[in-house]
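> Here is how the chains run, residue by residue.
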Amino acid sequence: MKRAGGPTVIPNFGHGSSCVTGDHVFCWGWVRGHWADTLGPALTQHVELTAIAVGIGFAIAFLLGLATHRVNRIEQPVGVVSALLYTIPSFALFQLLVPFTGLTWTTVEIALVGYTLVILYPAVVAGLRSPSDDVLEAARGMGLTPLQILTRVELPLAVPVIISGLRVAVVSTISIATIAAFVGPYGLGNPIFLALKEPTPFKTEIYTAGFLAVALALVCDAALLILRRTLVPWADRRFA
Amino acid sequence: MSLLLDAANAHTFVDAFRFIGDNPGFLARKALEQLELSGAALGIGLAVALPLGVVLGHLHRGSGVAVGASIVGRALPSLVLIAAFLTLLGIGFVNNMVALAVLATGPILTNSFDAVDRVDRDAVESARGMGMTGMQILHQVELPLALPLLFIGIRIAAVTVVATAPIAAIAGGGGLGDIIVNQASYRLSGVLGASLCVMALSAGVFVALIWLQGALTPAGVRRIRVGVDPSRKE
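Taken in sequence, the protein lines are chains A and B. Numbering-wise, my numbering puts 176 at position 176 of the first sequence, and it's gapless, one number per residue. Numbering-wise, my numbering puts 78 at position 78 of the second sequence, and it's gapless, one number per residue.
Simulated from the structure, these hints should not be mistaken for lab results. Predicted model, so just to flag it, every value in this text is computed and none were measured. Mixed in with the good hints, there may be bad ones.
Claimed, not checked - The calculated label-pair distances, taken between Cβ atoms and stated as ranges, are: (1) A:51 <-> B:214: 52 to 62 Å; (2) B:131 <-> A:226: 47 to 57 Å; (3) B:47 <-> A:51: 36 to 46 Å; (4) A:29 <-> B:212: 47 to 57 Å; (5) A:71 <-> B:128: 42 to 52 Å; (6) B:208 <-> A:85: 11 to 21 Å; (7) B:185 <-> A:229: 45 to 55 Å; (8) A:85 <-> B:61: 34 to 44 Å.
We put the beta carbon where it would ideally sit given N, CA and C, even for glycine.
Next up, chain A with everything else stripped away, as it sits in the complex:
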């Protein structure tokens, strides 16, 4: 990949240790040296991107879900819109938002929130529907008002399904957020993007950032699974 003729472009990786300049498979020294200025901040940013997207997405999905629970009619239109949104490739959606919000963090978040909605909205609706008619009948028979039924019966019973939805949403968002690097220097996609732009793709940076993204997703998935086991230990006996 060295350019023919002209001056040889030497990649600037900071300290030019022999491992880095010699294009070795993996350089621990580089990871240690650049954790503080490259990898750490990228990881933090990735967590922020994901947390904001899932947080906003969940708030919207929850309110829309509650609304749907009251007014069934809006389920189909919302469902159709989200199915359409889901077929738009993230790579293209990011670009299509650029004329409106520019190459900014907002552009990335709008797209990410959109995708979380597609997963979280059906999860909230399905969750609120999970109590059986017998359970609702019993609650009514005990004299609970509709609001009490919602807060004491339907919402607690919806938790397992909602957490399952959150697991899918969080893991997908972490994965899609790597594409944000095409919009701006955001998240773990950015070190990968920069490493690919070097005359010789810089392996250490690609492997480390890639590993961090996958590890982050798996850790979040496991954390939500543990949360579900703690909050609703009865769920695993009923919902596989």
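On the provided structure of chain A, position chain B as indicated by the hints.
Just chain B, lined up with the frame of chain A:
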């Protein structure tokens, strides 16, 4: 101020459509390149994951493999796969094809396992009672009943691969992504135009597969409805 902004936006999108109108041949060639890459990747993914998932589902074994494939498949970002295979296999067609094929195996494996595993046990039992062999049960009972769910996996994989293929442009994959990552040459109008084409292409693949599914599903199975699991998204 906001009026000005709106005018500028409208202008950008008009330019994007003008770009599409001015370069139909070029865009079609790039789209074809992208479809070739996606087709090859999907073919490999199908060849590896479909038999494995179907056989494991038939034996009701290896649910751990299927669940693991779905979790790891979801957690592996396409950019990471493409970059990692670039360092292993060099720049060009093969590295992207392999990366996209890996991406396709997750949903295909999980859904084909699930589809066959979940076929009504009573139906399988009846078939066995009628004296069908394992192979006959698989061919004449399990696969036709599993088709709708199985196709969802293939559809997710196909749309994922086609939608991800433009990212492969950063690793020499060609296709419409070449235009999207090269704003310096094609300007924002070209980038947007190509993005719109990517959207149309993945929507087209989605619709084509729904049609194919309808054509392949036996009439008796069409009445069975299954939900869509958006388990994979790039």
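> Indicate, hint by hint, whether the structure satisfies it.
Each hint tested on the structure:
1. The given range of 52 to 62 Å is broken by residue 51 of chain A and residue 214 of chain B, whose C-beta atoms sit roughly 41 Å from each other.
2. In this structure the supplied range 47 to 57 Å holds for residue 131 of chain B paired with residue 226 of chain A, their Cβ-Cβ distance being about 49 Å.
3. Range check, residue 47 of chain B to residue 51 of chain A: Cβ separation about 39 Å, and the 36 to 46 Å hint holds.
4. Under the hint 47 to 57 Å, the C-beta atoms of residue 29 of chain A and residue 212 of chain B, about 52 Å apart, fit the expected range.
5. Checked against the hint of 42 to 52 Å, the pair residue 71 of chain A and residue 128 of chain B passes, with Cβ atoms roughly 48 Å apart.
6. Take residue 208 of chain B and residue 85 of chain A: their Cβ atoms lie about 20 Å apart, and the range 11 to 21 Å holds.
7. Here the CB-CB span from residue 185 of chain B to residue 229 of chain A is close to 53 Å, well matched to the stated 45 to 55 Å.
8. Between residue 85 of chain A and residue 61 of chain B the CB atoms are about 37 Å apart, so this pair conforms to the stated range of 34 to 44 Å.
The structure does not agree with numbered hint 1 stated previously, though it agrees with all others.
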